[in-house]
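Here's the letter readout for the chains.
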Amino acid sequence: MPQHPNDATVSNDFPPAPEVSVSPRGLRHEDILAILIGGGVLALALVCGWASILGTEDAHPWKPYFGKPGDWVSNPIPAITKSLPTILMPFVLSLVAFGAALKFQGKCFKRFAIGFVGVFVLATIAFLMSSQETVKHFNLEFALWALLLGLMISNTIGTPNWMRPALLTELFVKAGLVILGAEVLLHRLLALGLPGIFVAWIVTPVVLISTYWFGQKILKIPSASLNMVISADMSVCGVSAAIATAASCKAKKEELSFAIGLSLIFTVFMMVAMPIAVKAMGLSSTVGGAWIGGTIDSTGAVVAAGAALDSVAEETAATVKMIQNILIGVTAFGVAVYWVTFVERDPNGDRPQVSEIWKRFPKFVLGFVGASIGATLISQYVNGGEELINATVNGATKTIRSWFFCVAFVCIGLQTRFADYAQYLKGGKPVVLYICGQSLNLLLTLATSYLMFGVLFAESVEKLNQGPATEVTAPASNETTPEPILPVPNESVPTEVAPTEELEPK
Amino acid sequence: MSPINKQAQRKRAYARLVCAVAGLVIAWTIFFPWIGQQSNIRRMIERNESHGIDPTAMFYTELENMQVQDGLLRRIDSR
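If you read the sequences in order, they're chains H and X.
Letter by letter, the first sequence follows residues 1 to 506 of the numbering used here.
Letter by letter, the second sequence follows residues 507 to 585 of the numbering used here.
Do not take every clue at face value.
[Claimed, not checked] According to the in silico footprint, chain X covers these stretches of chain H (three or more CB under 8 Å from chain X):
(1) 74-84
(2) 151-159
(3) 312-323
[What the hints assert, rightly or not] Partner residues are not named here, just some residues of chain X that face chain H (Cβ under 10 Å, in silico):
(4) 554
(5) 566
(6) 567
(7) 573
Just so you know, these hints were derived from the structure itself, not from any lab.
No residue lacks a Cβ here, since even glycine has one placed at the ideal position from N, Cα and C.
Hey, can you work out the whole structure from these sequences and the hints?
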């Protein structure tokens with residue numbers, strides 16, 4: 001892939017991390033810049049949110065100014081004109097944040113700004129394409145369309161030179177991941193109690209490791225990073241897991257986009273087929289919901305498939321998927337450590353020293369994990385912390401990181417040729433890997449869901465099949481605590497509900 | 507490559523891009539809206555819309571119709 005001579009950050013892969021120090025030169029390293037950008041956005045949003053909540057405002061003050069193109073059916077013009085003011089703010093913020101980072105690296109802000117206008121327009125069109133009614137309900141996410149638009153340009157007229165200084169794929173991805181870290185609230189890993197731990201904590205890593213091993217040892221997939229991205233994408237939670245894992249194992253850009261395309265195609269099929277399968281097998285709503293939640297890759301598709309059964313299945317599926325979402329923090333960290341310790345080591349050399357591991361370690365992962373731990377601590381131990389984190393994420397940061405990711409996928413498309421994908425389709429090994437891994441996932445998750453939700457904890461989850469005793473209302477208030485329907489190891493559980501440790505298998 | 511050939515190649519490249527853009531416009535303004543009107547698809551869309559479900563949500567925090575309560579992700583509206 002031709003690179004712009006003045007743009008050192010444009011490359012075809014997530015590059016190996018060079019040595020980083022805390023010297024001014026070290027601070028210019030891309031991972032550190034990503035932490036500064038992501039952390040800076042998070043800190044600013046938290047401070048504004050905190051000031052607002054102290055002033056008894058319900059919503060985050062940024063909420064009216066940060067948005068994406070609205071939904072439409074056949075005419076996109078009203079959708080774009082109506083949401084134009086809320087699109088401008090993410091543009092300005094991105095331009096300032098990444099422009100300042102480039103300036104810090106000693107590069108030309110003006111050239112970046114000109115290129116970024118083009119890239120951002122393409123990202124806006126990608127969001128617009130994903131918000132068309134039918135496309136949206138088939139779970140065809142913005143990542144796919146951002147890639148397609150980029151590929152269309154790079155494979156016809158070629159990526160214009162004026163756009164190239166703005167193709168900072170890794171920086172956009174890593175800054176987005178640091179912001180995403182604040183949504184990974186670790187205490188939510190314990191939702192659903194013991195049954196959830198078995199379905200999400202045990203099955204997910206087992207499927208991830210087994211699929212990766214199968215790809216390496218049986219299928220002998222030439223690229224270990226492609227194998228890892230497909231395995232994580234399929235076993236954890238689709239696009240978000242693929243992005244986090246790809247950055248952790250320094251996968252090639254076309255490997256990330258290939259894995260996401262593969263996942264989205266299968267997700268459309270599974271979203272339709274799994275509710276039919278659950279009904280045909282006569283599974284209960286809780287078992288079916290847990291099965292759907294543990295197997296369908298995409299979070300939105302999980303909820304849509306669960307809702308096709310009933311509200312009990314929908315909530316069970318969504319909660320299992322939420323636990324898997326939160327597992328991406330552990331997965332990204334684990335993959336990064338494994339990669340620098342075992343995959344990148346010289347097979348003929350000694351075991352790498354700690355300093356060598358640190359040198360190669362993708363430092364942005366520390367920002368991602370740090371944001372996750374910080375948000376969890378604020379949420380759990382600061383008075384009003386949960387409201388603050390919810391308001392900050394819902395009102396500001398989730399929209400900002402979506403824009404960062406969308407812009408990153410446009411860049412990937414602009415840096416990729418269709419020919420780059422041909423090698424992955426040859427022999428069909430990645431597709432075989434996905435099908436075999438997903439088959440194992442389906443079987444293991446079904447067995448565990450049935451055992452946990454249908455047999456061992458059947459009595460304690462029986463209430464799910466009857467629905468909650470009280471209606472779930474009042475979206476804005478966290479004081480509403482309807483009767484929990486599953487064992488929850490949480491202090492907010494009302495006293496009349498049995499805590500997790502009292503739940504014994506039959 | 508002669509300048510004339512280069513120009514012709516460039517024209518072909520732009521023609522390919524225009525064709526691709528036209529294909530997208532047709533797909534998004536005619537084909538997908540038509541697909542969305544087919545009874546089975548319409549049913550799925552209406553069910554999702556009535557429950558406030560966004561199937562393109564990438565992370566649980568993007569599920570606008572759901573909220574964490576008692577540690578569980580619950581639908582906000584009553585059922």
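Check your understanding: Would the stated hint for residue 566 (chain X) survive a check requiring a Cβ distance to chain H of less than 10 Å?
Key -> Hint on residue 566 (chain X): holds, closest Cβ of chain H at ~4 Å, below 10 Å.
Check your understanding: Against chain X, does the segment 151-159 of chain H show at least 3 residues with beta-carbon separation below 8 Å?
Key -> holds (count 5)
Review point. Does the segment 312-323 of chain H contain three or more residues whose Cβ lies closer than 8 Å to a Cβ of chain X?
Key: That given contact holds, which follows from 6 residues of the segment 312-323 of chain H lying within Cβ reach (below 8 Å) of chain X.
Exercise for review: Closer than 10 Å between Cβ atoms is the bar; does residue 567 (chain X) clear it against chain H? Give me holds or violated.
Suggested key: Holds, because the Cβ-Cβ distance from residue 567 (chain X) to chain H comes to roughly 5 Å (cut-off 10 Å).
Practice item. Using Cβ atoms only, decide whether residue 573 (chain X) comes closer than 10 Å to chain H, and label the hint accordingly. Key: holds, 6 Å
Review point. How about the segment 74-84 of chain H: do at least three of its residues have a C-beta closer than 8 Å to a C-beta of chain X?
Key: Contact hint for the segment 74-84 of chain H vs chain X: holds, 3 residues under 8 Å.
Practice item. With a cut-off of 10 Å on the beta carbons, see whether residue 554 (chain X) makes it to chain H. Key: Because about 5 Å separates residue 554 (chain X) from the closest Cβ in chain H, which is inside the 10 Å limit, the hint holds.
Checked against the numbered hints given earlier, this structure breaks none of them.
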